[in-house]
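Enquirer: What follows is each chain in one-letter form.
There are 2 protein chains.
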Amino acid sequence: MSKCPFDFTRRNFLALASGIAAAAGVGYGARTAVDVIAAKKSELPARQALEPFWGKHQSGIVTPVQTHTYFAAFDLLTDKRDDVIKLLQKWTTASARMADGQSAEPVDNTSSDASVDSDDALGLSPSRLTITFGFGAGLYISDGKDRFGLAAERPEAFVDLPKFNGDQLVETHTGGDLSVQACADDPQVAFHAIRQLVRLADYIAQIRWTQAGFASSPPGGGTPRNLMGFKDGTGNPSIKDQEEMDKIIWVGNEGPDWMRGGSYMVARRIRIALEHWDRMKLAFQEQTVGRQKISGAPLGKVNEFDKADLAAVDKDGNYIVPENSHLRLAAAENNDGAQILRRPYSYNDGVNFTAERWPPWRQGMEYDAGLLFMCYQRDPRTGFIKIFDKMSKFDMMNQFVTHVGGGLFACPGGTQEGEFIGQRLFQST
Amino acid sequence: MSKCPFDFTRRNFLALASGIAAAAGVGYGARTAVDVIAAKKSELPARQALEPFWGKHQSGIVTPVQTHTYFAAFDLLTDKRDDVIKLLQKWTTASARMADGQSAEPVDNTSSDASVDSDDALGLSPSRLTITFGFGAGLYISDGKDRFGLAAERPEAFVDLPKFNGDQLVETHTGGDLSVQACADDPQVAFHAIRQLVRLADYIAQIRWTQAGFASSPPGGGTPRNLMGFKDGTGNPSIKDQEEMDKIIWVGNEGPDWMRGGSYMVARRIRIALEHWDRMKLAFQEQTVGRQKISGAPLGKVNEFDKADLAAVDKDGNYIVPENSHLRLAAAENNDGAQILRRPYSYNDGVNFTAERWPPWRQGMEYDAGLLFMCYQRDPRTGFIKIFDKMSKFDMMNQFVTHVGGGLFACPGGTQEGEFIGQRLFQST
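Top to bottom, those sequences are chains A and B. Heads up: the first sequence begins at 25 in the working numbering, then just goes up one per residue. Heads up: the second sequence begins at 25 in the working numbering, then just goes up one per residue.
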């Protein structure tokens with residue numbers, strides 16, 4: 025991607041702020057001062073806090089989890105294939121720029137148009153921004169119609185998610201023709217990115233639903249705890265193990281060309297009855313999860329990453345890791361080896377009015393908070409669907425959680441400079 | 025406050041995690057291992073990232089702005105004064121503990137009760153957590169009744185906020201008998217704190233409304249930008265200037281004893297029509313705000329902290345800082361010297377369905393995002409009310425913002441160890 029010499033970038037904003045602006049006599053309509061920066065590239069801060077946008081795989085999948093996310097699902101408002109292609113081209117260019125710490129569009133230094141960027145991320149660190157795109161079922165058939173002539177390209181693995189036991193998915197948090205997830209170590213940077221893409225969509229695509237989330241790690245790193253107070257992600261395959269990732273996460277030669285190096289993403293908005301959970305005894309919580317709360321170790325073990333002994337029984341012959349505990353039901357060895365890469369965020373959307381359906385029939389406010397569960401896999405049929413089918417029926421945790429939204433999205437392979445996201449899909453027909 | 029030697033603290037969690045747990049043979053019900061930590065105090069990380077809870081003033085007012093907030097307004101469900109006192113005692117103790125990086129309640133190492141803390145902040149940095157309490161009008165008279173015998177103590181300065189021009193306050197984001205604001209450099213730490221206080225309230229008080237927010241600053245510091253892309257807070261009095269704070273923020277001898285060293289807080293949930301704002305020209309945005317977008321300087325000036333020249337006119341005799349610009353209307357010199365300390369956070373609550381009321385009558389999703397405006401002042405009559413009365417009528421920015429919620433809360437003076445929040449109010453009658 026060629027760089028406009030007049031680009032106003034977040035990375036070089038610091039240089040501007042530190043005196044160049046004053047020297048150049050920045051006045052009214054200050055964007056016109058940006059051309060003085062080009063010559064000062066050597067003074068820029070190191071390219072830290074940048075995640076590469078271009079590559080074999082999309083970023084934001086095996087990227088170490090950032091502290092914040094803003095997820096948006098979109099409906100396509102057009103029936104024209106070219107509109108979709110143009111949108112994806114615009115989104116690709118803008119996303120690559122923003123991941124590089126720049127404004128969404130090049131700044132024309134003779135223009136006073138504000139619409140190239142909302143500027144709320146100006147001066148902030150790029151914060152390891154990643155922007156990950158996915159294609160929903162509506163790209164193939166929508167209202168019974170093959171709008172874009174892509175129906176024949178729908179991958180075999182891209183099945184519809186079944187209605188799982190207990191599902192209470194609401195329309196306003198479910199589905200979408202396209203998904204875009206921004207992740208960054210700053211909530212303002214993540215929201216900024218989505219906001220620019222929404223503006224660029226210009227009524228070709230429109231937001232269907234969004235979800236902000238956060239994931240806080242101990243200083244120095246370690247597995248984040250979710251709002252249940254338990255470490256979440258301990259059992260994940262290692263994102264550093266390329267072989268594991270190739271086996272579990274990335275679509276290989278079995279998939280269509282455009283999905284190779286891509287992955288299928290399942291999102292579930294899981295509301296947690298925190299008030300209820302908080303009243304449980306510690307021991308009961310641990311039995312439910314199958315792990316110790318503080319250490320994160322599987323029950324009967326000492327350290328977080330100790331392997332669970334699912335065969336171990338206590339003196340009465342009961343499993344140490346209970347039969348219907350979350351850990352046991354999710355374990356690969358109980359699911360024909362099925363594994364997924366979880367990349368969960370907590371969410372916290374305020375409070376709703378709720379009336380209890382049990383004595384003493386209290387009514388009042390309860391948190392609308394929980395987990396924006398997200399997972400990646402090579403094939404959802406042998407990944408999330410395989411694992412969750414059983415869990416949705418038996419997991420003790422279901423007393424406290426309700427799946428209220430989500431979707432399945434095919435995240436195409438990565439994009440090389442000059443291409444646009446999903447280009448190989450549109451070229452294949 | 026005495027320290028329980030068996031306290032499981034977030035600060036010493038790192039020591040635990042780094043091997044002591046294993047040495048002590050942490051097993052099922054891992055909290056029983058915490059007693060081994062007491063002897064290891066010398067190994068604890070430095071007391072960084074801690075804001076003092078006790079003091080002449082409540083923390084969270086002149087504290088440098090943290091990156092995240094979780095605000096909660098509560099309704100009191102009791103008519104008993106003693107219930108309120110007991111609640112405030114519990115809240116004080118728990119808040120002081122959490123601000124010190126500890127669990128909300130002391131852990132009894134013989135118990136398996138989970139209810140002492142939800143543990144989701146376990147292992148996280150204290151993140152400069154502050155918890156700031158305020159008293160709403162319902163503490164004095166509620167439904168025409170002096171529930172707690174405090175009506176005579178209502179400070180003269182604590183007037184009801186008038187209905188300002190353009191106000192569209194909704195019940196579900198307005199008012200409350202008590203307010204509690206947690207601020208921290210981690211959203212999970214802020215939410216954790218409120219969640220513990222809600223549990224401790226145990227139906228004596230119940231959440232009325234909540235609001236999460238964020239404020240992102242450039243690396244190395246500087247004024248945060250709000251979602252309009254402009255720096256927000258430049259014109260604030262300096263929190264480091266004790267004399268200014270005494271003059272503008274802190275209640276002095278004119279107030280009742282319990283409010284001395286305290287401050288009045290106005291909260292306003294201000295929804296911003298971001299989609300609309302983003303379509304405006306840069307020059308128009310700057311005229312609206314009265315500042316340059318990139319530098320933050322007043323129009324006609326060069327640097328962010330240059331003093332605005334409100335008398336300056338262009339060659340046609342028009343004010344450089346426009347007559348109805350946000351900056352001009354808010355300026356102290358146009359408000360008989362009135363000043364407030366703003367402590368704003370951006371909020372981002374997803375999207376709502378909206379139907380435009382103008383051609384082409386588009387309908388679709390719009391952001392429910394904007395500003396959780398918060399300000400502190402010695403007297404709201406000569407602070408926010410004075411300043412905002414005119415702004416609500418004339419500010420050009422009103423085309424883009426709607427006040428949809430908020431409240432006025434009297435934040436009592438700080439608490440000394442052994443006291444509870446607002447104790448002097450309850451002792452004064």
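Fair warning: there could be bad hints in the mix.
As the list claims (entries may be wrong) - Some chain A residues judged to face chain B by a derived CB distance under 10 angstroms, without partners named:
#1 Gln113
#2 Thr117
#3 Ser240
#4 Gly388
Since the hints were derived computationally from the structure, they do not count as laboratory data. Treat the numbers as computed from the prediction; the structure is a model and nothing was measured. Think of the CB as a built atom: it goes at the ideal place given N, C-alpha and C, for glycine as much as any other residue.
Enquirer: Evaluate each hint against the coordinates.
Expert: Do the hints match the structure? See the list:
At its closest, the beta carbon of Gln113/A sits 21 angstroms from a beta carbon of chain B; the interface hint therefore is violated under the 10 angstroms criterion. Restraint check, Thr117/A versus chain B: the minimum CB separation of about 18 angstroms is more than 10 angstroms; hint violated. This hint holds: Ser240/A has a C-beta 4 angstroms from the nearest C-beta of chain B, less than the 10 angstroms allowed. Because the smallest distance between the Cβ of Gly388/A and any Cβ of chain B comes to about 5 angstroms, under 10 angstroms, the interface hint for this residue holds.
Consistency note: the structure conflicts with the earlier hints numbered 1 and 2.
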